[in-house]
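Each chain is listed here by its residues.
There are 2 protein chains.
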Amino acid sequence: MGASESLTILNKFLQFPSISTQPEHKGDMLACAEWLKGCCEDWGLDAEVYPTEGHPVVVARYGNDLDKKTVLIYGHYDVQPPEPLEEWETPPFEPSEREGRIYARGSSDNKGQILAHLLGVAQALKEEGSLPVNVVFLIEGEEEIGSPSLEKFMEAHREILRCDVIVISDTEMVAPGVPTVTYGLRGITALEFKVTGPSHDLHSGSYGGAVMNPATAVARLIASLHDGEGRVAVPGFYEDVRPIQDWEKEAQAQIEGFEDDLKKTAGVDTLFGEKGFSPIEQIGARPTAEVNGMGGGYQGEGTKTVLPKSAFAKLTFRLVPDQDPEKILDLVEAHLRTHLPKGVALEVERGHSGKAFLGDPQTPYGQSAVRAMEKVFPHPAVFIRAGGSIPIVDSFQHIFGVDVLLLGLANSDCLAHAPNENFLIENFMQGIRLNQVLLREIGED
Amino acid sequence: MGASESLTILNKFLQFPSISTQPEHKGDMLACAEWLKGCCEDWGLDAEVYPTEGHPVVVARYGNDLDKKTVLIYGHYDVQPPEPLEEWETPPFEPSEREGRIYARGSSDNKGQILAHLLGVAQALKEEGSLPVNVVFLIEGEEEIGSPSLEKFMEAHREILRCDVIVISDTEMVAPGVPTVTYGLRGITALEFKVTGPSHDLHSGSYGGAVMNPATAVARLIASLHDGEGRVAVPGFYEDVRPIQDWEKEAQAQIEGFEDDLKKTAGVDTLFGEKGFSPIEQIGARPTAEVNGMGGGYQGEGTKTVLPKSAFAKLTFRLVPDQDPEKILDLVEAHLRTHLPKGVALEVERGHSGKAFLGDPQTPYGQSAVRAMEKVFPHPAVFIRAGGSIPIVDSFQHIFGVDVLLLGLANSDCLAHAPNENFLIENFMQGIRLNQVLLREIGED
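Protein sequences appear in the order of chains V and R. Final position of the first sequence in the numbering used here is 440; the numbers increase by one with none missing. Final position of the second sequence in the numbering used here is 440; the numbers increase by one with none missing.
Hints were generated in silico from the structure; no laboratory data involved. Hints may be right or wrong, so weigh each one.
No copy labels: a pair is met if it fits in one copy or bridges any two.
[To be verified] Simulated crosslink set (EDC-like; lysine to aspartate or glutamate; CA at most 16 Å straight-line):
#1 K258 - D408
#2 K337 - E224
#3 K21 - E296
#4 K7 - E29
#5 K147 - E296
#6 K337 - D264
#7 K244 - D317
#8 K337 - E269
#9 K189 - E296
#10 K63 - E122
#11 K121 - E439
#12 K337 - D222
#13 K121 - E369
#14 K147 - D222
#15 K244 - E48
Whole structure, please, built from the sequences with the hints as guidance.
Structural data, given as structure tokens:
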């Protein structure tokens, strides 16, 4: 299978608007899963689409040799919503190749990365007729909404998913050509709150001054989440936070240009975060409280002098070991209720949650991964804790009790979750090779 | 002209979606103005539609007798945007009669009220062939966006607008059947601000913790506008506020049930406002800072874990004598810049402004108005300062140097600026009578 054929398949994969959070895309989700199954079968894998209470899971398998190790490769075919659409240079579900990158929603998160592994296996089978290991692909459709069905699915299908090691490429490389082993991920928990006041939008002249404004109340609640030094001000929030180890500080000190790269890819001049921690620590090893969205009142053109009847905010909290998502939500909800101004009411809706992950890159499988990565990307590997969350990784560790290797292929300026998401074609091609080298390293170990 | 014919004309008037702030309704604005002109001509008035830099002004005139007094009656044919549309029980521009009320955008603010005066004159001319005074109707199309063209128009057409007294019905009655003389109005000034940070929406995992979140920044800026006791916390904000007079406190103490009515019409259990002032004072005689709208990040269904690139808020400030709108905006802008968190930028756009109005209800014209109102509504008149703003009233006082009488006809639960705006049909009918009685009182004085 040549580069051009691989790109054609990626293009097809990226055309499915497989947006798991938007109910109107349920049909697209199923179509995408069925298409994946068909591809896997064409490549010589046994594949199945399993329904769940939410979106289906695709499982594809090669080999059942008890003398070989079994590698489970996890990925997801669902993507984030593409909005705001007007900020895309080319439409999010019409992949466009420009300057060595493929632009499309899901190109790096995660279709491009999981497809690199699939194509690595497909190519090896085509060229050599067999693999040095058994492989199970587990590709879900609910990663972007917190994998609500996957844990139950894994419990129910333990047998077919049994494995010796788990490989995931759903993270970033710190810089082009620098092999990056992600040994930690933050957890996440979500909470949406709505403040309601008057029974209808009020004339801000006839009522303003004597009636509490729900938009003001929402703003105060958001403002109450942090102190002036970037710390989360929710009482008890840091209680269970595991401190950063000395070896981690040393490993991170060896990563060059992280701060400059962060500024550049974010498009900001000045960083701002929790006092006393470096940006790499703030992102990888410290928890956060972020507003992902807020709204209230009149947002159209011009002025509308209303005192809105309600306003809302969507919050997520990135967590680190050993914070418990439910405990954090309890603390946050109590905090919001304490700070709620008089004259308005608060409605809280809890969202999806996942615990943080912290692996050990020094295990034998970890060392196999480092060797494979350094063969494909000729540069010493770096070790980082990533700020993002793949909540299911914690479940993998607990259900299967095996090492989880996070071998990121995404470029650090991939714009995951943002308009103009992209994936370096070079990384896609190297990813295909990495899969083959890695499976050999594991098979020979 | 009978009640049914009057209602038919009101229905027609209310069907024009004359939304001055939305450019797509420019044609509807002109059509509404031309329709008004045609009606006035049918009723025996000389009418003209004058173009302005914005929406046109309608002037309609009866009489030019130098021995008679001239009454200028001001109103506006533009309306607030109807959004949120889904909260209307019947469509905003399809007037619906239910339980003695007409429901439609603009029914009380201001089409119903100005039409009552027009129909009063039309009916008097039909029945008696003449009026006891000269009348000039000045009906603009930009009241809801701060009357940007009207002052210039009045300066340029001083001659045709010359008058002895100005009458405006664009305020509310404190309770059904209670004649309400509004001797004060708050001023207003508007400011929209936008906080920008990253060049694009960021993944809240990969960047959250080290990059300032613009939505958080907007929330903090909004929160910084008030202290815990309902006072506006912008330094210097209260510097020029004229204290409430003793006679006003006495007059207000005589108004029964204001607080209960306010709670009921707002649909709230608890009021909240500036400490040390009663609700009637908080609304009529004290300035405010209100968020009319705010937004940032993902507001759709589900979760999108972004750190948004920008967020915004639309603010208006209701002002009292002797606050200067431009000075207030200077203070607010300085305050926002002082409180802006590090790592984000602030863009400020100033909106329309108007000074507060404070009249004297004890002048001879004021007394004529009280007599007329007490004849039509058999209850002692009450005197209040209203919380809303009709910025042009201050200009009337300055340009024409005459008394401005604010004789409200709207019911206090009229839902002006909100979904399901309505006007009591009884008030509409009494308004037609009030016009006739008032013009006689003024003519005979």
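Hint by hint, where does the structure go against what was stated? Just the numbers, ascending. 5, 7, 10, 11, 13, 14, 15
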